[in-house]
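Chains as they are written, first to last, in UniProt numbering: chain A, 1 to 502; chain B, 1 to 214.
None of these hints come from the bench; they were simulated from the model.
Think of the CB as a built atom: it goes at the ideal place given N, C-alpha and C, for glycine as much as any other residue.
Among these hints, one or two may not hold up.
[To be verified] Some chain B residues judged to face chain A by a derived CB distance under 10 Å, without partners named: (1) Asn14; (2) Ser21; (3) Asp38; (4) Leu52; (5) Ile59; (6) Val99; (7) Pro158; (8) Arg199; (9) Ile200.
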Amino acid sequence: MATTHGPLSSGDDEVTTPRSRAPATNREPTSQDITTKEGTSSDVIQADGDVDVNYTPPWTEPYVIGIAGPSGSGKTSVASRIIHEINTPWTVLLSLDNFYRPLTPKQLEMAFDNEYDFDNPNAVDLDCCYECVKSLKGGHKTQIPIYSFAKHDREKDRCITIYGANVIIIEGIYALAHEKLRDLMHLKIYVDTDLDVCLARRLNRDIAQRGRDLQGAIQQWTKFVKPNAERYVKPTMSHADLIVPRGSDNVIAIDMLIRHIKKHLALKSEAHLQKIEKLTGKLSFTKENYPNLQILENTHQMRGIYTILLDRETSMDDFIFYFDRVAMTLINKALESCTEYREVVVETPLTAMKSVIPSSKFVAVNIVRSGDCFMHSLRKTLPEVAIGKLLIQSDATTGEPQLHTEALPQSIDDSNAKVLLFDAQIISGAGIIMAIQVLADHGVKPQNIVVITYLGSEVGLSRIMRAFKDVTVVVGMVGYRDNISKEPWFRKRFIDSKYFGT
Amino acid sequence: MSEYPNVLLLPQTNQLRGLYSIIRSKETHRSDFVFYSDRIIRLLVEKGLDQLPVEEKKIVTPLGVEHDGVEFLGKICGVSIVRAGESMEQGLRDCCRSVRIGKILIQRDEETALPKLFYEKLPDDIADRYVFLLDPMLATGGSAMLATEVLIKRGVKPERIFFLNLLAAPEGIEAYHAKFPQIKIITGGIDPKLDDKKRIYPGLGDFGDRYYCI
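Isolated chain B, as found in the complex (with noise of 0.2 Å):
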């Protein structure tokens, strides 16, 4: 676990450290970024989905054997943030073929520098869902507490949200959990700090850049 109350770290291994070692280093090639972040979001997505309740169900067997058995319980959708969110919608896919995704973009308003809603697309029945948001990183939180404001907004129950990332800051972290204290942060890296351009150190770059384009 980690120190904040509202984190989910993944147990900090040395297998994971080493995943981590390839996607931070500037000198990984982009085939490369791609394999390893997937390796990770596969974590994180398996790590959220254990937060979800399971309720009893008998079942029998080939052999004609009954068993008592688990049922997953409730519905889940993914909401990613556009662009570097979409980059998570694969690994949830992987692990639940037909999960609805929904979609919201955010962007930095020109004129007052903070981040402004431009669009939104979910699902209908959200307000029923498990929602796990995506967004490979969160600096300042800025985005991601804008799109939770709206998942709410909608009728999410902020104890029904798990907010994944790839690494996070303590900046960040306190701050979104200043705003929304239920909501569990499920990360798989906790940095020291925010640098003065407000970016995640020593963080691992722009995670959009690296996964889409460079």
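The following block holds chain A by itself, in its conformation from the complex (with noise of 0.2 Å):
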């Protein structure tokens, strides 16, 4: 089975749980890369404009694990406690078992004899294991089969939807088999445990959990399992880089291992921030630079309610009641900017006139939770507007975005439709970016993307157009570079704490 560890697990709560209590912490790596960003200026300035940058989602490069070993020695609990311990959002175990392959009528007949051999390598595609790899790789949205024992086929109307994984565990006898699947593996793993000891577990198992007698455990495993395993599964032990004998009762071969691991894994999230601040831009906000930037009309209101949304006396019902007009008037700004429409003939009481009516379909997506402070304003200017969630959180130690959940409505396929995607504040850009990303991996093209946010910071708002450059940013106040020092509300995230007052 392949389970994701991430949304809604434990993991999260370990997470979240310190930066709630608090909040004004690591909320974001931001004070810490707007000034690193300073330093490195020069380069910066020549890069913008004429160089093309790009933005690499960290699901397009997951570390991949492979464990391989023969059956019962124990690969299922070293991959769990690999997983336990990095604690990562979207680890994907991938097993081995959802890959066998569909039987043959024939085979079928021999299986339900128990004469069927499912521990031979040719039991398992392993070439549609790697294909499965190699898509989520390519930061795509990907099916893995289930496969039944009751029937011995795959599911025929359901699979595992898997995407945006960050840390890939393929576990299986032949995990090491494939060359091609091996070449995409950063880590593999052979867990040797005795074949007396795997015996002894799986007569455990298949006696006790899958209610098989005991004649039939041991036929198994004299006439099918045992050969096999030393026929084909120990010689693939010469591809692994890392041999663990006993398993995951090997306290310290699973210690040095998590801190290989552990070591990688922050050396892959160093090289995402990096990418994400070399994408910051030093040209100043004018039309010319940025034409797909909006910023709200600096009036009197919009000033007014600026101080009020600032200043530490203001009570939580009026800071939630001044967040929603702003938020209107944000709102409203998207639709003028995106909306498109077309010419109709009016009947009035009175006569024919021509006029025109939008034309354009929308779904919003919201990033959990500052996202959920236009909703109210959303549901009074589009009732019927389809809502999608995106849990993207930065890590509490290196600042590093990390997409712990997405649900999208279906809605998102229509290629016409246009996507609002709302975050109250905008500071560092990492986390819209990679919403943006989700967006686009999902099929939704850029120039139907528009970012709402009130707060923005002129480094977030310059990485996010520079990334994307057809997608249109719609803000309400700038905190900009030479100021932000005196403003220092523009890093830190307080309008959905003040907004939901936790």
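Got two chains here, separate frames each, mind docking them using the hints?
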């Protein structure tokens, strides 16, 4: 089975709890990365404009681990220990059990008589597994088959959909048997347990958990499992980077293994952050430099509301009320900028006249939780719009944004739908860039995406517009680089905290 | 802006024209008529509020940093002309929660065919306030001018009055301007003319009927 570790799991809580206790610390990598950028300004200036910059999301470079070893050797427990210890969102465990080949009628008959050799390398469709992992690496939404042991066939109507894997663990006796699959792996592990121990574990499992009888289980072992283990499984050991004797009981080996993986994951997130940093643009915010940036006019009302929202004396009641007001104005501005229209003839009660009506369809996507602050106003403007959700959180220690979960409405498949992407604040831009990438991976064209935000830092906004030139960005107030030391609230997430009171 | 010096016309964006297409159409049902009128009213109220002055105010943010902000200056109140004008009260309340709202009832006198004041209920301190006069349609301007006279008699300064409506006719704008040159009209659309029955043409029908009854 493939399990996704991350959404709503215990790991999620561990990341969020310290943050909710101290909301002012480490929410985003910003203050630090804004200052480091100042030092390297000269090459950035040259890069701005002429050089094409691209955003590479972390899931196109997942860390792939293969775990092989004979049946009963403890592969699954090793994999569970790794998942538990690295505690990274979107860690995907792919079991090769999912990739058993569908059986021919004749094989099927044998299988029901316990005569079919499931432990033969040909019983597993390793090519299919390779294609799945490759597709995941391409950032695509990928369908993993589900194998039914009752029917000895792939489930016809069901499969597991995985998207955005950060770490992929491939576990199965033949995990290291396929050359191209091996080439995708960063770490190849072989769990080497004495075959007597394997048999003992297998008997336990088969009889206690799978309801087989002792004789059948032993027959299976001597006829298929053991010979195959010696003939086909054991030789794959030579491909392993690391051999773990005695499986997960081997505390020292597991400990070293996990330290190694953690080190590589840290390097990977550092590389991701650096890529985001490289996106920073130095050009000033003019219409010519950033034609798709729309900044709200700084009217008396906007300045007054801004003051109220920043004032620490403002009650929660007032905060919600005034944020809703500015949210409505931002949504109207966004609709103005992206809606397409067609000409129509309208029949008024008196006569007919030429006019226009909107022809665009809309989908809204919230970045949980700060995008939720816009929902009240959105409902009052587009009451029937479908709303998708993305949970992207910054890692408490590194500040790297991580995609935890995505739930997007069906209507997002309509290639002409305009997608309104909400986030109350843009600080480093990392989260929103990741969100746009998620939408792009789901087939949304960048020119159909409108980012709607209230407070945006110049650095964050420039990164979005350089990573995705065709995305429209509507912002209420900009925290300019030169002022940001006097306006520290542009570097702190506070709007959703005050709006929801938590 | 517009060609009339006393009119602040909302920018005629495609979005706004789209909203008007819906409320103009005689096919539109009341629930949609109300919903989309309310969206336009909200834009009118925001535009009106933007005309009000602010003054500098120093505040302290939750981070303990001082910030030079601004504060809204002056008290406001809404005055609606019964019944159609009342449809705009909620839009005003959506932006100013506890705003005071006065009412003026004007009806056509059966004998003279001229608008006649039947009832008024206004805040006592209205003379100190900015007033948003609410009436969705400015056709001949007869009742609006009468209502404005009431306000001025109660001591409201003309430059502190803003007349908000959804649709105006040139005849009404000019008549109102001739009488009250200092008062700004804030509107979302100006139609070409009045028809022979003094209705805004092409217009959107009777606003009060469509909002409350049909």
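Asparagine 14/B was flagged as interface toward chain A. Is the shortest Cβ-Cβ separation under 10 Å?
Hint holds; asparagine 14/B Cβ to chain A Cβ min 4 Å, cut 10 Å.
| Cut-off 10 Å, beta-carbon criterion: hint that isoleucine 200/B touches chain A | holds, 8 Å
Given isoleucine 59/B as an interface hint, is its Cβ closer than 10 Å to any Cβ of chain A? holds, 4 Å
message: Interface hint check: aspartate 38/B, Cβ to nearest Cβ on chain A, cutoff 10 Å. Holds or violated?
response: Constraint on aspartate 38/B satisfied, holds at 8 Å.
Verify the interface restraint on valine 99/B: the C-beta must sit less than 10 Å from at least one C-beta of chain A.
violated, 13 Å
Min Cβ distance, proline 158/B to chain A: is it shorter than 10 Å? violated, 20 Å
Using 10 Å as the Cβ threshold, decide whether serine 21/B counts as touching chain A.
holds, 4 Å
| Is the shortest C-beta separation between leucine 52/B and chain A less than 10 Å? | Leucine 52/B check passes; min Cβ-Cβ to chain A is 6 Å, inside 10 Å.
(message) Can you verify the interface hint for arginine 199/B: is its Cβ closer than 10 Å to any Cβ in chain A?
(response) holds, 7 Å
Violated hints for the displayed structure, listed by number in ascending order: 6 and 7.
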